[in-house]
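Enquirer: Which chain is which? The protein sequence lines are A and B, in order.
Going by my numbering, 5 is the number at position 5 of the first sequence; the sequence numbering is gapless.
Going by my numbering, 68 is the number at position 68 of the second sequence; the sequence numbering is gapless.
Hints in this document: simulated from the structure, not taken from any laboratory.
Please read all numbers here as calculations on a predicted model, not as lab measurements.
Honestly, I wouldn't trust all of these hints.
Under 10 Å between C-beta atoms, here's a sample of chain B residues computed to sit facing chain A [said to hold, decoys possible]:
(1) N26
(2) T29
(3) Y32
(4) P65
(5) G99
27 Å max Cα-Cα, derived DSSO-like pairs, lysine-lysine [as the list claims (entries may be wrong)]:
(6) K64/A with K14/A
(7) K64/A with K3/B
(8) K3/B with K107/B
(9) K41/A with K14/A
(10) K20/A with K41/A
(11) K3/B with K41/A
(12) K107/B with K41/A
Glycine included, every Cβ here is placed at the ideal spot set by N, Cα and C.
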Amino acid sequence: GAVVSQHPSRVICKSGTSVKIECRSLDFQATTMFWYRQFPKQSLMLMATSNEGSKATYEQGVEKDKFLINHASLTLSTLTVTSAHPEDSSFYICSVVRGGNTIYFGEGSWLTVV
Amino acid sequence: LAKTTQPISMDSYEGQEVNITCSHNNIATNDYITWYQQFPSQGPRFIIQGYKTKVTNEVASLFIPADRKSSTLSLPRVSLSDTAVYYCLVGEGNDMRFGAGTRLTVKP
């Protein structure tokens, strides 16, 4: 069964507004979750590492004030795209590491900014 | 951080065996090799993982030579539904980055 769940699977928002994407670890506690971004026909790009109870660690070039990450519990991390613009339209995917070396991914969330 | 190199794309026909090789020359001692499959608009799905020699599960086999500088994912008797992008990841749990992947197209 699924290990990670994301919501919503698709969202459309107006330019300038903010949108939140949730990532849930379904059957175990995840102190760390990861957020990726994927443009069409490209590979996944790691955006940030979400740490439960502390600040997220962002990859170089990713604006932390634009992509707000909150990991308030051991089963939930949220990514909020603030003041969204059309260029933020992308496929966002979260993941968790289980068993030490295996990554499990959520279903992904398509964001379209109009 | 072990960098991986895979062929950009491969074509095959239904019923054939497909082998996708990944090069990872600077693999570290503690690194595992993991392969994922991704369909359009879906998150990647775990296929198989190994550390050395050969690993087999119900969907694939993974061959890793003694020097571990490469690995080969083997998909037996592919079907149209195996058309996807396949990623080879090398590293330890919290430190895995995606390469470009291999786009496999299975033709009838």
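Enquirer: Decide, hint by hint, whether the structure agrees.
Expert: Do the hints match the structure? See the list:
1. Below 10 Å, beta-carbon pairs count as interface contacts, and N26/B has none with chain A, the closest being about 18 Å; its hint is therefore violated.
2. Look at T29/B: its Cβ only gets to about 13 Å from chain A, farther than 10 Å, so that hint breaks.
3. With 10 Å as the threshold, the beta carbon of Y32/B comes within range of chain A, its nearest partner Cβ sitting at about 4 Å, so the hint holds.
4. The closest approach between the C-beta of P65/B and any C-beta of chain A is roughly 20 Å, which is over the 10 Å cut-off, so the hint fails.
5. Annotation: G99/B was flagged as interfacial toward chain A, and the flag holds, the nearest CB pair being 7 Å apart, inside 10 Å.
6. Our distance criterion of 27 Å between C-alpha atoms is met by K64/A and K14/A, whose separation comes to about 21 Å.
7. At roughly 26 Å between alpha-carbon atoms, K64/A and K3/B fall within 27 Å of each other, so this suggested pair holds.
8. Only pairs whose Cα atoms come within 27 Å are accepted, and K3/B paired with K107/B is rejected, the gap being roughly 30 Å.
9. Restraint check for K41/A and K14/A: the C-alpha separation of about 24 Å stays at or below 27 Å, so the hint holds.
10. Under the criterion of a C-alpha separation no larger than 27 Å, the hint pairing K20/A with K41/A is consistent with the structure, at around 24 Å.
11. For a cut-off of 27 Å, the pair hint linking K3/B to K41/A stands: about 20 Å separates their Cα positions.
12. Restraint check: the Cα-Cα separation between K107/B and K41/A comes to about 20 Å, which is no more than 27 Å; the hinted pair holds.
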